[in-house]
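Number of protein chains: 2
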Amino acid sequence: MNSKIIIAIDAMGGENAPYKNIEGISLFLKKNIKHEDIFFNIFGNEDLIKKEISRHKISNEMYKIFSTNTVVSDAETPLTAIKNSKDSSMWNSINSQIISNSNITLSAGNTGVLFVISRMLLKTIESVSKPALAGLWPNEKNMNVVLDLGANVECDEKNLVDFSEMGAALYKSLFPEDTPKVALLNIGSEEMKGTDTLKKAFSKLKEISTSGDFVFNGFIEGNKITTGESNVIVTDGFTGNIALKTAEGTAKFITDSLKKSLTSTLLSKFSILFSFFALKKFKEKLDPRKFNGAIFLGLKGPVVKSHGSTDAVGFYYSIDLCYRIIKGDLMNKIKNNLSHINEVSK
Amino acid sequence: MNSKIIIAIDAMGGENAPYKNIEGISLFLKKNIKHEDIFFNIFGNEDLIKKEISRHKISNEMYKIFSTNTVVSDAETPLTAIKNSKDSSMWNSINSQIISNSNITLSAGNTGVLFVISRMLLKTIESVSKPALAGLWPNEKNMNVVLDLGANVECDEKNLVDFSEMGAALYKSLFPEDTPKVALLNIGSEEMKGTDTLKKAFSKLKEISTSGDFVFNGFIEGNKITTGESNVIVTDGFTGNIALKTAEGTAKFITDSLKKSLTSTLLSKFSILFSFFALKKFKEKLDPRKFNGAIFLGLKGPVVKSHGSTDAVGFYYSIDLCYRIIKGDLMNKIKNNLSHINEVSK
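Chains as they are written, first to last, in my numbering: chain A, 1 to 346; chain B, 347 to 692.
Take every hint as true, because none was put in to throw you off.
Footprint (simulated), chain A over chain B, 3 or more residues, beta carbon under 8 angstroms:
1. 491 to 505
2. 560 to 572
3. 583 to 595
4. 623 to 633
Rather than coming from a laboratory, the hints here were simulated on the basis of the structure.
All figures in this text were calculated on a predicted structure; none of them were measured in a lab.
Just so you know, even glycine gets a beta-carbon here, dropped at the ideal spot from N, CA and C.
Start from the sequences, fold in the hints, and give me the full structure.
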C-alpha cells in the first residue's frame, strides 16, 4: 500500500500551460511544508516541464514526469477526441488512475473532452445513473458544494437523489468537522412548489435523510444559496449552470460598478488609500481563484477540472482541492452514502 | 376619448399599506410637475386613504377613491381568493379596467392571487398561450427586460417565442429610442447547445426577427445578462425565477461583505468619510427600488406587481413604470408584434 496521495497533473491543459501548472505545484509545496504525504505524476512535454521544474526548484523526490506528445485543444469535440487524444497529456493523466498509481486527476483543459474521456476510462459507479459536475460556492459561513453545474441538461428524481448523496459525501470529505445540509434548488420553499421531478426527489430525500448521511433542508430559493443554512445545493445541470453563471455575472457587475464609483472623482480616488486594507480584504474574500476546481462525481475515480483561464494561484487551489478530496476519502464516502439509497427503500 | 393616463392603485396591498401607496403617489406627483396627463383611481379603505391624501396634500383633481371593504391577505391561495375577494381593493382595481376607465392596475399584494384574478378578469390575449411575468434588471448600459420570472414552470417553444415578442414590445414602450435585442438564456452560446425546446425557439426566432420587431442575438449564458449586449432576456419561468433570485442573493452577499470589510477597523470606518459620495453613488445605482415592478404580459389589460416589502420610493418607481407603459402604448405594440409570428410562418 502506498501511503502518499498521488495527484496526476495534466500539465498541458489550460491557458499558459505548462507554466501556471508547474508554478501551481511549486506554490502548493511551499505552502505545505510537511508534504511527505504528497506526490505528483506530471503529464506533458518533458523538456518544457523539466525547465519549469528546475526554475521553481521542485525537489525530484516530489514528482515523476510522464512524457506525452499531444495536447487536447479547446476546439476538439468529445467525439473526435476519443480517436485523436490517446497520446495526450489529458488522456494519460486520467488513465494513470488505472494503469499506474494516481489517486486523482487534475486538468485545466477542454471540459467536454475531459468529461467524456474520464467517463470512458474510469467508468461510472454501478448504481449511479448519471455523473455530475460539482463546484464550490462561497456562503456567509463557509462554502457550499453545488451540483450539477452542467453535465446533465435534463435530470430525473433518481439523478437528483444520487447528486444529493454524492454532494454530501464531497462536502464531508472537504469539511470533516461539519454536517452536510442538503437542499434542492426551487422557485419556492413550500413542499408543493416546482416540477413533478422536484416533488418526487423531495419525498425520496426526506425518507433517505434518516440514514444520517446528511440533514435534508427541503427546497430553497436562489436568494438563499449564500446564506449558509444549507451547504449542499442540488439541481439539474441546466439550472445549476444558469445559476452559477448568473452569480458570476452579478458579482462582476457589482464589483465593476464599485470600482467605477471609487475612481470617479479625485476625492474618491484619494479615499481608496484609506480603505486600502479593507478593500483588499473584501477582494480576497471573494477571490474566484479560491473556488477554482469543479469535481466530476459518480465515476470510479475522482477528476478535478480547473478553470482554463485561471493563473498559478488558481491552479494551486485546485491542487489543494485534490489533496483534500483524497485525504477526506471521498470515494469510500460516496460508496457508503449511495448504499443507503436502496437500503432505506427496502 | 380620455386623454389622461389613468392608473388603478390597490391602496391596501403590501406591507405598510395604505401609507406607502399614497406616499408613492405623492412622490410621483412631486417629481412630475407637469402631471396634467395623469389620474389615479384609488381602491381601498376610504377613511384611511382620505387621511393619508390630506396629509400629503394631494390635489383632489388628481384622484377618485373607490371604497372597498376587504383586503387579500398574503395567506390567501389563488383558489379561495376567487370566491373570497370580490369586494377587495385588489379585485376592484383590476376590474376597473373593464367596468370603469382605468388603463393599468398596480398592486403590491399577494402575487399568486393577483395573477389569477388578473387572468380571470382581463382574459389572455387570443394568440398568446401563456401570460408571463416580466421584470427589469440592471445592465452595464441601461436596463434589461427579463421574462418569464416565475408564472410558468414549464414552457414550450411557442411560449418562448410569445415571450420574446411581448418582451420586445415592453422594452420598446419603456425605451422608445432604443432597439430591443432579444436573447434566449442557455448554458452555452452555440446553436446546438441546450434543450430541444430552446433549439426550436432559436430557429423560430431567427426567422421571425426579420419582421423588424427586434434584433435576435441567439443564446446567451447567465454571465452575459448584465453586459447590455442583449436587453430582452427570455427564459422559462423556473429558470428565470432561479436566475433572478440567485442574482439578488449574490448582490446582497457581496454588498454585505463590502459593508463588513469597510467597518471592520477604525481606519476603514474613517475612510468611509472620504468615499462617502462615491459609495452613495454606487448604492444609488444598484438600489433595488429602481427596478421595483414586475409586469404581467399577455393579458388584455396591463397589470404591474410591486414588491410587497418595498417602501414609498419603491412604490413610486412602480407608478412611474405604469405611467411609461401606457405612455409607450404597450398594448398596441404587443398586438402588432404578435401579429408577425403567424405572418412570417405563412
